[in-house]
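These protein sequences, in sequence, are chains P and Z. The number in my numbering is simply the position in the first sequence, starting from 1, with 202 added. The number in my numbering is simply the position in the second sequence, starting from 1, with 595 added.
It should be emphasised that the hints constitute simulated quantities derived from the structure, not laboratory data. In this text the structure is predicted, and so the values were computed from the model without any measurement. Beta carbons: idealized from backbone N, C-alpha and C, even for Gly. Check before you lean on any hint, since a few could be wrong.
Claimed, not checked - Across the chosen pairs, the derived CB separations fall in these ranges: (1) Pro-726/Z to Ile-286/P: 49 to 59 angstroms; (2) Pro-336/P to Arg-617/Z: 27 to 37 angstroms; (3) Asn-642/Z to Ile-286/P: 52 to 62 angstroms; (4) Arg-617/Z to Lys-349/P: 27 to 37 angstroms; (5) Tyr-657/Z to Gln-317/P: 39 to 49 angstroms.
Stated by the list, open to error - Below are the BS3-like pairs computed for lysine-lysine, each with C-alpha atoms no more than 25 angstroms apart in a straight line: (6) Lys-349/P to Lys-241/P; (7) Lys-737/Z to Lys-306/P; (8) Lys-305/P to Lys-737/Z; (9) Lys-306/P to Lys-740/Z.
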Amino acid sequence: MGEVEGAGSETAKVRPIQKIIDAHVTFTTTSAIHDFLKKTPLQDLINWGRKNSLWFLTQPMGCCGIEMICTGAPHYDTDRFGIIPRCSPRQADVMIISGYITKKYMPALKLLWDQMPEPKWVICMGDCSISGGPFWESYSTIINTEKYFPVDIYIPGCPPRPEQLIQGFVELQKKITAKQDRTQKGDT
Amino acid sequence: MNTTGELTLNMLKEKFQVTEMRVESPNRVWARIAPDKILAIAKFLSNELEFDHLSSIAGADYGEALEAVYQITAYSHGIVLTLKAKVPKSNPVIDSLTPVYWNAAWYEREAYELLGISFRGNPNLAPLVLPAEMMGEYPLRKDYKGYPNPT
Ligand code: SF4
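Can you build the whole structure from these sequences, using the hints too?
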């Protein structure tokens with residue numbers, strides 16, 4: 203009995219310390235830090251950094267993909283906006299859906315999206331990715347992209363010119379500065 | 596040389612049962628054949644008439660019947676021969692051309708998936724273009740109901 207009592211009193215002593223440790227651990231998890239930072243002006247600085255390094259995933263899906271690729275080429279020099287094409291989803295911040303999403307390709311696209319680290323954004327490029335475009339009534343395409351991805355920017359056109367895509371990126375940058383993008387609003 | 600296409604048709608008519616045929620131009624001809632003769636005809640064409648290239652297999656839906664359409668050409672004499680074979684929709688089975696033309700396997704897989712024409716003797720009628728959940732729906736048939744209708 204004595205032993206048990208002793209043990210009990212010891213845990214009573216340890217408990218407040220444990221609480222502090224627990225709180226500390228909770229605070230140092232990434233999401234807790236992010237939640238805290240969101241409430242401070244420091245978030246503006248973070249956003250400034252993020253919006254100026256929007257690396258996009260080179261993942262051409264339809265004819266729009268050609269425009270997307272040449273946007274990343276030297277002629278348009280998107281580096282001046284901090285926009286750089288990346289070939290791996292693990293290094294990318296923005297996924298551009300550049301073309302029709304077929305039902306067969308959907309699982310692969312989802313996988314790419316899941317592999318991208320947070321924070322991440324989606325740009326719908328071209329009529330196909332917005333609503334099916336010319337393949338509106340096809341048996342094999344997905345026409346409601348909105349249901350599957352949190353889309354921030356829609357760029358209409360068939361295909362949109364590279365200038366339009368850059369305009370889309372600039373709009374996304376504005377959204378990030380204004381904290382109106384869907385990642386920051388938690389609307390994903 | 597003008598009648599080479601016609602000659603081919605006449606040879607086919609002599610040897611096999613040809614129900615309908617037409618000469619579109621000196622080197623473009625087509626014939627409608629009995630479906631059970633397709634393999635024999637293909638063997639005859641490739642062995643004796645130098646038709647060494649199967650350029651495509653298409654398909655069509657005519658309500659009660661499905662039709663396999665073969666485009667067979669030759670590098671040496673340049674005739675494009677179109678063979679059409681109707682099979683009933685209730686039992687759409689036709690012999691595979693893989694023993695004669697190896698590339699038939701790919702076209703047959705596609706026609707099987709999209710129209711449901713089954714090719715007897717194809718070594719591998721495995722899924723090719725459709726996603727797994729759409730297998731067996733035959734979207735290119737006229738009575739296919741799966742089109743999206745969001746309006
Ligand atoms: S929107 Fe037009 S250009 Fe873009 S993928 Fe669709 S069909 Fe091609």
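We went through each hint and held it up to the structure:
1. In this structure the hint that Pro-726/Z and Ile-286/P lie 49 to 59 angstroms apart at CB is violated, the actual value being about 33 angstroms.
2. The hint said 27 to 37 angstroms for the Cβ distance between Pro-336/P and Arg-617/Z, and at roughly 34 angstroms that hint holds.
3. At about 59 angstroms, the beta-carbon gap between Asn-642/Z and Ile-286/P stays in the expected band of 52 to 62 angstroms.
4. Between Arg-617/Z and Lys-349/P the C-beta distance comes to about 50 angstroms, which lies outside the given range of 27 to 37 angstroms.
5. Between Tyr-657/Z and Gln-317/P the Cβ separation comes to about 47 angstroms, which falls inside the hinted range of 39 to 49 angstroms.
6. Straight-line distance between C-alpha atoms of Lys-349/P and Lys-241/P comes to about 30 angstroms, which puts the hinted pair past the 25 angstroms bound.
7. At roughly 22 angstroms between alpha-carbon atoms, Lys-737/Z and Lys-306/P fall within 25 angstroms of each other, so this suggested pair holds.
8. Among the hinted pairs, Lys-305/P with Lys-737/Z is consistent with the structure: their alpha-carbon atoms are about 21 angstroms apart, no more than 25 angstroms.
9. For a cut-off of 25 angstroms, the pair hint linking Lys-306/P to Lys-740/Z stands: about 19 angstroms separates their Cα positions.
Checked against the numbered hints above, the structure breaks hints 1, 4, 6 and satisfies the rest.
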